[in-house]
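*Asks:* What follows is each chain in one-letter form.
2 protein chains.
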Amino acid sequence: MAGKKRAGGRGATGRLVGRGRARARLGVALGDRSYDIELGHDWLETIGRRAAKRLAADRLALVTVPTVARRYAPMLTRGLEAGGARVHRIVVPDGDATKNLSQLAELYDAFLRHGLDRSSAVVTLGGGVVGDLGGFAAATFLRGIPFVQVPTTILAMTDASIGGKTGVNLEQGKNLVGAFHQPRGVYIDIATLRSLPRRERAAGTAELIKHAAIWDEVFFTWLEPRIEAFLDLDPRVVVPALERSCAIKADVVARDEREGGLRRLLNFGHTLAHAIEKHAGYRDILHGEAVAIGMVFAAERSESLGFSPAGTASRLIALLERVGLPTSFPNRPRSAYLSAIAVDKKKQGGKIHFVVLEGIGAAKTVALAPGDILPKSWRA
Amino acid sequence: MAGKKRAGGRGATGRLVGRGRARARLGVALGDRSYDIELGHDWLETIGRRAAKRLAADRLALVTVPTVARRYAPMLTRGLEAGGARVHRIVVPDGDATKNLSQLAELYDAFLRHGLDRSSAVVTLGGGVVGDLGGFAAATFLRGIPFVQVPTTILAMTDASIGGKTGVNLEQGKNLVGAFHQPRGVYIDIATLRSLPRRERAAGTAELIKHAAIWDEVFFTWLEPRIEAFLDLDPRVVVPALERSCAIKADVVARDEREGGLRRLLNFGHTLAHAIEKHAGYRDILHGEAVAIGMVFAAERSESLGFSPAGTASRLIALLERVGLPTSFPNRPRSAYLSAIAVDKKKQGGKIHFVVLEGIGAAKTVALAPGDILPKSWRA
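Protein chains in written order, with the numbering used here: chain R, 76 to 455; chain C, 76 to 455.
A portion of the hints provided could be inaccurate.
Copies of the same chain look alike in the list, so a pair counts if it works inside one copy or between any two.
To be verified - Simulated pairs of lysine to aspartate or glutamate, EDC-like, Cα-Cα distance not exceeding 20 Å: (1) Lys128 / Glu113; (2) Lys353 / Asp192; (3) Lys353 / Asp184; (4) Lys249 / Asp117.
Worth flagging that the hints you see were computed from the coordinates, not collected in a lab.
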């Protein structure tokens, strides 16, 4: 499937019209691992009741982080308990450094201390870190117990909570250990975004724009005049935008659950993003910010390699800049980026599956040597 | 499916006749995760070539233990290299204590140090510990890379290498963390059993007898006059016996890959075996020895509860005793065993899925409270 041109918006089921719908639901079609993503507004307690019923577990571990726990865990817990579950809250430290093997071991210990068994389940409440770590613990505890995700960041809502990727980092790199473990459901309350700092909101918006850029020109065009309203969290824009973004990711994942080919399109911007993050030691720069820079690089490279018409990159750059995202590289020598992308785990046989745009709303994968991705003439 | 009576031998495809066939092959039918088990004699180099071709990986981690590495790794490696792979030998300490999270982390480090990526694969050479640990590392490294098993113990050949169960122990108990990850192939060289101490050979034979006892009276009856020849490793008995034993396990697994019900029959004898092992601190007693005692307990309990005709238990006991396996309990108070089986991870809703015999070659699962499994009158 890799390398095939995608018609804009084909298969995406999210609707962009409607006057501020308060609720939305879309399915991720994965055979007997299919599940629904449900979006709503100020409905954490209802989410709890639904999640508890969906999991039908007598005992739940609610894995979350301190800031989110304070604000949202009580309401969600009330719902989970009303749904018939006994809830054990497990709070892990915030930040990507939490996604490691020793934190995972602590989660297993907590699961056992709270008496979780094969009839128990996990609920993750928070951003991508909590979803990845808690999801991987669920994937491997007693060889796998069910879980649901309640994402509270834009990034987790539109990206991390769809596709079943769970895992932890090693010192040598991010997401080097993990499993595919599909959640039984994803429940989104967009009201939880209010407490998200503006900078993180912007970073999360990068992945939303990515989905539009690789898959759906209609969505991209719809988003352009509404991006400020989105960042201001106007529900009439946020609900349909998240719904469409989730639908795109769900569509890609449903067609390619185990990342054979098509799913690689979601790596648009990520080859260089990973290199940037690595050099920043995963500090000082947010993932979405690195992705924004990586997308600009990939879009410009798509034009110079002749894959996309002139003007594609500048249209993408303009939107990213209005979000307040960085678009130019941290100043490092080419050799530093080159060595970082050369160890990228997507590398196969010396070549890298590099995602290029064929225009706004269409992308494909091309196999390139690191030196062809970053030509000698390139400067940060 | 649990609780259904099984007709003896139904579905088992291994053949028990033939004059010392040197090779055998049987399939494990799991849809797109199907694979073959191949048995042979003095053919490690051929195994290597076949495994390398099956995996089609340019780089392989050969995970093994010191004793096995010395004897068999050079020959297997020669074959793997002849099959086109670059082989990195990773030797982990022997013994069940090796199956832990810190050893797992060391495996990930070794994989990265040797440059393994998504196009690489793992070969495990050794007993169940190596298969479980190496298999779980393969299941989770980069969210899963392929692996094959080359088991060198009877237990690993007939039990651990079929079914895709991989994992590690936690301090709190065995196999509390893991994943289902089917191998791409299982390659058995029965010549590797020659270096197995007599006591371990006997312990492994316990699981072979278990397969006959729960599933296949024809096999049990065939085995009775041949058990000494089996223990002496007469290939004319070992090849067909292992083939039949593998076929039974493969048949059960194919019908119930994720352990919904039928697969629980394989836990025959294990409820008490786990309790015995726990009290022994997983030392001094081999798993198969504990299973032998547990099977005797379960068979006698099956009779006293009226599930099987009189004489069933004594026939099983006679065979186990000829193997030299223990059949009576280490002397501990009932309360000690009771608390150990009460935390058994197969417990659901206060009851335990306890496997009883309905006669030699037929078993079913019954849900019993711990106090009904070990009645007040019981003494070790």
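*Asks:* Are any of the numbered hints broken by this structure? If so, which, sorted upward?
*Replies:* Violated: hint 4 alone.
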